[in-house]
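S.K.: Single-letter residue listing:
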Amino acid sequence: MLDKKLRAMIDKVADGRMDRRAFIQRMAAVGLAAPLANQILALGGVAMAEGPSTYKPTKRGGGGALKLLWWQGPTLLNPHFATGTKDQDGSRLFYEPLACWDPDGNMKLVLAAEIPSIQNGGLAADGKSVTWKLKPGVKWHDGKPFTADDVVFNWEYAKDPATSALTIATYRDITVEKVDDLTVRIVFNKPTPFWADAFVGAPNAIIPKHLFADYKGAKSREAPNNLSPVGTGPYKFIEFKPGDLVRGELNPDYHMPNRPYFDTLEMKGGGDAVSAARAVIQTGEYDFGYNIQVEDDVLLRLEKGGKGKAIYAVGGDTEFIALNFTDPNVEVDGERSSMKTKHPLFSDPAVRKALSLLVDREAVKKVIYGRAGRTTANFLNGPEKFVSKNNTWEFSIEKASKMLDDAGWKPSADGIREKDGKKLKLLYQTSINGPRQKTQAIVKQACQKAGIDVELKSVVASVFFSSDVGNPDIYPKFYADMEMFQIPMTQPDPAQHMRRYISANVATKENKWQGQNYPRYVNKEYDATIEAAEGEMDPIKRAALYIKANDILIGDTVFIPVQHRLKVEAAANNLVCIISGWANETDNLFDWYREA
Amino acid sequence: MSQYVLRRILIAIPSLLGISVVLFVVLALAPGDPFSELATNPNVPADVAASLRAKFGLDDPIYLRYLHWISAMAHGDWGFSFVSRMNVDQLILQRLPATLYVVGSAQILALLIAIPVGVFAATKPYSLFDQIANTLAFVGFSLPTFFTGILFILIFSVTLDWLPLVYTTDVKGTGIHWVLEMIRQAIMPVAVLGLFQAASMTRFVRSAMLDVIRLDYVTTARAKGLGQAKVIVKHVMRNAMIPVVTLIALQMPAVFGGAIVTEQIFRIPGIGSLLISSILANDTPVVMAVTFVFACLVVLFNLIADVLYGWLDPRISLR
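Residue numbers (UniProt numbering), protein chains in the order written: chain A, 1 to 596; chain B, 1 to 319.
Misleading hints may appear alongside valid ones.
What the hints assert, rightly or not - Partial chain B-side listing against chain A, Cβ under 10 Å, derived:
id	residue
1	Pro34
2	Phe35
3	Ala49
4	Leu180
5	Lys224
6	Ser273
7	Val307
8	Tyr309
9	Trp311
10	Leu312
Everything labelled a hint here was simulated from the structure, so no lab data went into it.
Cβ coordinates follow ideal geometry from the N, Cα and C atoms, glycine included.
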């Protein structure tokens, strides 16, 4: 029924009988919010619109210096080699993608002239290709014109395994062809409902063909421009010292009117988050500090100084506890947590459900994350159109105890519950990080009261998240009963995120633990839901499928969501900075300015 | 003399090789890899990270990796950083000036404080001046630099707003303005490091002086009718300086090695902060290069100290 109403509404928008804003409001009312609403309109035959621009300055330049503080400074300036967001942030100062994401998850044009839609012929109805029109008259910083050849070259460059580009996964399964000098077509090998991955957002910014053509493949590391970018962006490159400093100056030929506002730009690296917050919020030496993972108490205290404030951006990052469906303590064919085993305690759904009742999300928010967190019952927390309204969460030691009692887990002499000689003793691991250790303590305390003995373990982050298969403590091996971390959502779309947990992706010794389904969760219904979603071109049905997938994960207690985390940044009071929870901090930098 | 130096250099080669083996093995055995940041990025599948590991040779056996490294090093190829894909020597040279400036100034400050204070305290042991100097020295080396660093920041940057909290690599302006700004931003880190060094060095100079000042030849010199100043400077200090020179020589490599904690607190782009960020990122080629250069410097400055002994005390012969 929702489906029919929606179609009617889309038609109204198409005929101009309903305006776009009203449509988005109606969508929000039924629980499908802005970012999706736009893609729904795009696929429903109404062109996707850009979000409203709030940019006020009426002339280029004159804004003085913009001083950014990145407590982990960029170590290289080629977006294809970026190992982390810090490198993407640094590259994005000079390089640009075709489009980027605004705070609501709307697409914003950068190097593209229009957003592809079914009307303008940009989107194929079968979802197998997308055609981008490029902005005419765009010049690289060295004066050479930007054309379709540059776009095609980026695809050839990144998909070549010898280049060792980290963007290879985005480009290896697509074909990019030049239609004319200002038009490129991306062809997918299967229907792709989320077509805005390649060439979109800071990770997929475009590098110039004329400077990198000789350095494709094995010679990629030798390109002199890896360290001195020549892009199309609002700022021209001056200087780069890895890990320490990036400097740029206004690009007088920038292709957007009245932009950029600032005359020079400096990105300083190094130090730690707390002192970065201090330098922005308290002493005002810098205008903006990124990723301020600092306790809320400290931020509130610094804000009393009055020179800056903490700002928040909502994305889809969820801190969660994953439960192991296999037995981490039994070795089968030299492999622990083997698919041939079943978890001795978690195979009883009551135990998993009881654990979920023992995670006090409100306390975690209050004590640890403060303004930077939201409590949630869902694994998938954004974009809003994909967020399920069907789940609730609760913290109740009594209910958990009763549930365990009913399931036959009775307290033994030492207070720990047991059943059939199996004691409720769990190993709970995470990476070393202040908030995580505090969360562990909160969960452990509640479990103790309910008669579950929890042993805590914390692993250095560089080991926990490493790809070193020789190490037993990496998270995909999951040699514990529960593990807690978050997987950042880097796009306003859940496809990559939810695909991880299909049965075919189980992490095993055979695939060198490269499978991304580390809870080793196997459910045919889930697999079918994801498969259906990936081929579904109707955005409404697709969103419904992802909501269903989320509900399956929550219903089976594969994950216990701990907190929906927001991005925290520090900014000077007079700086108008556009920060999106769906993009890198510098993705919307061309729209930043200072208020008088 | 030259034969002595040559022999010492030849002896140094096997010890440096030994050091390099130990460093390399320890680093290779350390867990983690430079691609850990990729593991949680859903855009980068695990097989991409795995193929990068293979490409950078991280899956080869340790002895093979060591042989590759040592043969490249012998050709002057320091390798490249995994995280910035830049040549290691370039990366280190970029960081050296800041470290030399800040840590070097701190050492000079320490010497300028320690030698006069130590000497003066030793000439009048247990006087009021000596007592005060001793107390301050104890306070000085009991307070770790991370503590005094943050204390200085709170007092001079946050409360008084006199000095900048963040060290700027490229100070704007030219001429005298540039010089003043460079000095202004270095005051806090130099003071933190210099006072810490000065504290222990003062104690050292004082005790070295006390050992010598009681010897008979000093009394003889005084009996000859030489003035106090001449006795202290020409007769006592020269002999008392031998252990002090050893101490200074052993601290010289630290001038190049940077000060990890202080550089991190003040965001000084020096070798110390390069080392710590490389260790955290498991960027083995950089860590290996920095620590190995450090080892070479220790060996070199030991040699220089030995040569200096001969000059300070001609009775010590170098054979």
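S.K.: Any hints this thing doesn't respect? Which numbers, in order?
M.R.: 4, 5, 7, 8, 9, 10
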